[in-house]
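2 protein chains.
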Amino acid sequence: MNARRNRQWRVSRYPSAEEPIDEQQFEFVTTTAPEPEQGQFLVRTICLAPGPAQRGYLDKQHADFFANVPVGDVMRGRGIGQIVESRHPEYQVGDLFVGSLGWQDYSLQHPRGAEFVFSTKKILSPVYPLSIELGVLGQAGATAYFGLHEAGQIKPGDNVLVSAAAGGVGSTACQIARLSGANKVVGITGSEDKCEWLRDTLHVDATINYKTDNIGECLNELFPDGIDLFFDNVGGEILNTALEHLAMHARIALCGYIATDYATDPGPGPINYRYLVQKRSRMQGFIVFDYWKRFAEAEMQLRNWYSTGELIDTNDISEGLEAMPSALNSLFTGDNRGVKICRVSPDPAVDR
Amino acid sequence: MNARRNRQWRVSRYPSAEEPIDEQQFEFVTTTAPEPEQGQFLVRTICLAPGPAQRGYLDKQHADFFANVPVGDVMRGRGIGQIVESRHPEYQVGDLFVGSLGWQDYSLQHPRGAEFVFSTKKILSPVYPLSIELGVLGQAGATAYFGLHEAGQIKPGDNVLVSAAAGGVGSTACQIARLSGANKVVGITGSEDKCEWLRDTLHVDATINYKTDNIGECLNELFPDGIDLFFDNVGGEILNTALEHLAMHARIALCGYIATDYATDPGPGPINYRYLVQKRSRMQGFIVFDYWKRFAEAEMQLRNWYSTGELIDTNDISEGLEAMPSALNSLFTGDNRGVKICRVSPDPAVDR
Numbered sequence: 017m018n019a020r021r022n023r024q025w026r027v028s029r030y031p032s033a034e035e036p037i038d039e040q041q042f043e044f045v046t047t048t049a050p051e052p053e054q055g056q057f058l059v060r061t062i063c064l065a066p067g068p069a070q071r072g073y074l075d076k077q078h079a080d081f082f083a084n085v086p087v088g089d090v091m092r093g094r095g096i097g098q099i100v101e102s103r104h105p106e107y108q109v110g111d112l113f114v115g116s117l118g119w120q121d122y123s124l125q126h127p128r129g130a131e132f133v134f135s136t137k138k139i140l141s142p143v144y145p146l147s148i149e150l151g152v153l154g155q156a157g158a159t160a161y162f163g164l165h166e167a168g169q170i171k172p173g174d175n176v177l178v179s180a181a182a183g184g185v186g187s188t189a190c191q192i193a194r195l196s197g198a199n200k201v202v203g204i205t206g207s208e209d210k211c212e213w214l215r216d217t218l219h220v221d222a223t224i225n226y227k228t229d230n231i232g233e234c235l236n237e238l239f240p241d242g243i244d245l246f247f248d249n250v251g252g253e254i255l256n257t258a259l260e261h262l263a264m265h266a267r268i269a270l271c272g273y274i275a276t277d278y279a280t281d282p283g284p285g286p287i288n289y290r291y292l293v294q295k296r297s298r299m300q301g302f303i304v305f306d307y308w309k310r311f312a313e314a315e316m317q318l319r320n321w322y323s324t325g326e327l328i329d330t331n332d333i334s335e336g337l338e339a340m341p342s343a344l345n346s347l348f349t350g351d352n353r354g355v356k357i358c359r360v361s362p363d364p365a366v367d368r
Numbered sequence: 017m018n019a020r021r022n023r024q025w026r027v028s029r030y031p032s033a034e035e036p037i038d039e040q041q042f043e044f045v046t047t048t049a050p051e052p053e054q055g056q057f058l059v060r061t062i063c064l065a066p067g068p069a070q071r072g073y074l075d076k077q078h079a080d081f082f083a084n085v086p087v088g089d090v091m092r093g094r095g096i097g098q099i100v101e102s103r104h105p106e107y108q109v110g111d112l113f114v115g116s117l118g119w120q121d122y123s124l125q126h127p128r129g130a131e132f133v134f135s136t137k138k139i140l141s142p143v144y145p146l147s148i149e150l151g152v153l154g155q156a157g158a159t160a161y162f163g164l165h166e167a168g169q170i171k172p173g174d175n176v177l178v179s180a181a182a183g184g185v186g187s188t189a190c191q192i193a194r195l196s197g198a199n200k201v202v203g204i205t206g207s208e209d210k211c212e213w214l215r216d217t218l219h220v221d222a223t224i225n226y227k228t229d230n231i232g233e234c235l236n237e238l239f240p241d242g243i244d245l246f247f248d249n250v251g252g253e254i255l256n257t258a259l260e261h262l263a264m265h266a267r268i269a270l271c272g273y274i275a276t277d278y279a280t281d282p283g284p285g286p287i288n289y290r291y292l293v294q295k296r297s298r299m300q301g302f303i304v305f306d307y308w309k310r311f312a313e314a315e316m317q318l319r320n321w322y323s324t325g326e327l328i329d330t331n332d333i334s335e336g337l338e339a340m341p342s343a344l345n346s347l348f349t350g351d352n353r354g355v356k357i358c359r360v361s362p363d364p365a366v367d368r
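So the sequences go chain by chain: A and B.
For the first sequence, our numbering begins at 17 and goes up steadily by one.
For the second sequence, our numbering begins at 17 and goes up steadily by one.
Think of the hints as simulated: they come from the structure by calculation, not from any bench.
All C-beta atoms in this analysis are idealised placements derived from N, C-alpha and C, irrespective of residue type, glycine included.
Any given hint could turn out to be false.
Unchecked claim - Which stretches of chain A does chain B cover? Using the computed rule of at least three CB atoms under 8 Å from a CB of chain B, they are:
| hint | region |
| --- | --- |
| 1 | 168-174 |
| 2 | 212-220 |
| 3 | 245-258 |
| 4 | 298-311 |
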């Protein structure tokens with residue numbers, strides 16, 4: 017068998033706090049794909065999905081939360097691929113597989129233990145293009161679904177606010193909130209283009225441009241009875257302002273805090289936490305991995321909505337493994353719209 | 017019938033943000049007790065319980081949360097009294113009554129509507145001295161009970177932290193946490209005396225003196241596996257530090273925020289809110305009045321614990337209606353220990 021050329025992004029150093037992610041923190045090397053041992057299989061990467069958490073893999077401050085990727089190692093990252101060699105009886109050549117493939121053309125994989133049983137899995141009834149399996153039907157979908165339904169305890173009639181609403185998880189949360197019976201869904205984002213996209217394509221009821229609008233005034237107008245559920249990806253000043261506009265018994269599903277996460281000076285904390293008492297409200301942090309054992313439940317619902325056209329694919333595609341550093345960085349600059357995906361090699365059903 | 021002399025503390029002006037509560041904000045007047053109309057009864061005040069919320073009645077900033085007491089009106093406040101005249105068929109002269117009596121010798125009362133049905137009620141099987149009905153068996157008891165069991169979802173084996181642990185609600189929460197099966201109860205307070213009292217009298221496992229100890233280091237040592245439940249009366253810097261020491265799936269029952277509540281400059285907010293995500297934890301605000309309909313449930317448990325000697329009376333008594341302004345102020349200076357009570361007139365069973 018001819019050796020397979022395996023390009024890899026290896027970590028060469030960690031970025032400093034406010035430095036953008038770019039190619040200087042990685043080495044792009046070409047090596048040879050390894051041979052699977054008994055129980056393993058080799059996966060060709062089709063698509064990768066950069067996620068904000070990946071910056072945490074390169075940040076010692078976050079080592080207690082995200083395992084850091086050691087300098088010299090291949091960058092860690094989730095993707096979908098196809099098995100090209102197998103020494104595992106239940107995984108056949110041609111099977112599709114979602115898991116932690118890393119920023120590379122080929123990876124050795126094996127089925128994981130029970131804890132993460134759904135985080136690496138065979139895709140049995142794929143939806144094409146396969147990138148959707150990494151988007152609204154994948155981790156972004158599960159995060160939005162469990163964030164709204166578990167952490168956020170969404171109820172029909174809720175008035176819902178979503179921050180970073182044009183991002184991968186945010187745009188999915190806007191859709192799922194509406195599909196779950198919200199009375200009103202308002203998205204906060206950072207450009208007029210993204211506001212329009214949220215309203216026209218994703219049918220969000222109203223939008224707030226945090227760069228040009230006064231968020232407090234907008235919330236006053238848009239939520240005269242207060243916010244019942246805030247799906248927050250941002251934290252910082254937006255969280256602080258939203259706290260002041262909660263309805264009684266409101267819930268904040270705290271998904272991320274990108275505003276303060278990688279800042280040298282994270283600024284003041286949310287002093288309006290006192291409204292949690294006044295409004296008998298809660299702020300609940302969550303992480304999608306805690307729900308992997310229940311992923312099938314979310315997946316069934318998400319696939320149903322997708323099949324009827326109610327849940328719209330929001331993938332924002334970059335081309336080529338080479339684009340991974342800039343694709344990851346785009347999540348922090350507000351340049352992406354929807355779920356960021358990098359296409360690495362042909363999709364078996366779509367690309368001919 | 018001779019007219020009854022009725023002394024009253026009337027509000028003469030609101031204190032500024034960092035001004036202590038004292039007699040200068042009130043007028044002490046002597047008037048005559050009114051006659052009850054049909055459906056009303058006249059109550060002689062036996063004890064009053066000042067509470068931190070009462071400062072909010074005199075603060076326009078808090079008007080959306082606590083109804084302000086208008087200047088010129090009798091200061092609002094909760095107490096226990098005895099009916100001395102009645103024109104209500106179900107309330108007899110001699111009956112004991114808990115409710116919003118105000119800072120005065122006599123008040124006209126009537127049974128309230130369903131919403132606050134347990135906040136004004138006849139005491140059928142009183143415990144003597146009656147001040148206990150305002151302490152561990154009263155609002156302090158109910159606040160600690162529902163805060164731990166509802167907002168805090170206490171579970172046997174929890175490692176529990178309580179702030180303002182020597183205060184009325186805090187000292188009751190320390191006791192109820194232990195009685196509810198906590199593995200460890202740690203109290204934060206502001207003097208060595210109060211630390212000793214918590215350990216020796218209330219059987220708290222360990223204490224932190226926030227004025228002399230490094231709270232973060234203490235939490236590190238005392239909670240090697242993290243805090244499962246934090247019953248927080250204080251907010252501010254203590255809340256921020258505790259957030260960093262949460263166990264997985266921890267719960268913060270947010271009862272008050274006395275550290276930042278009446279400050280001109282409340283300081284930075286709890287930037288460590290990010291640990292709510294990392295530890296999949298929650299911060300739940302609550303107010304005891306929301307649970308009044310279930311007060312009987314708490315009361316039965318509290319009376320059982322009290323009758324077996326497991327729940328200790330922590331009342332800290334001031335003498336005379338005259339003492340009310342300084343009694344209220346003592347809640348903010350850390351001078352009180354346990355539930356602050358002001359004795360206004362003789363207790364029918366105890367004072368002879």
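Hint check:
1. For the region 168-174 of chain A, the stated coverage by chain B is not satisfied: 0 residues place a CB nearer than 8 Å to a CB of that chain, which falls below the threshold of 3.
2. Counting residues of the region 212-220 of chain A whose CB lies closer than 8 Å to any CB of chain B gives 0, which falls below the minimum of 3, so the coverage claim is violated.
3. With 3 residues having a Cβ less than 8 Å from any Cβ of chain B, the region 245-258 of chain A passes the three-residue criterion, so the hint holds.
4. Only residues whose beta carbon comes within less than 8 Å of a beta carbon in chain B count, and the region 298-311 of chain A has 7; three or more means the coverage holds.
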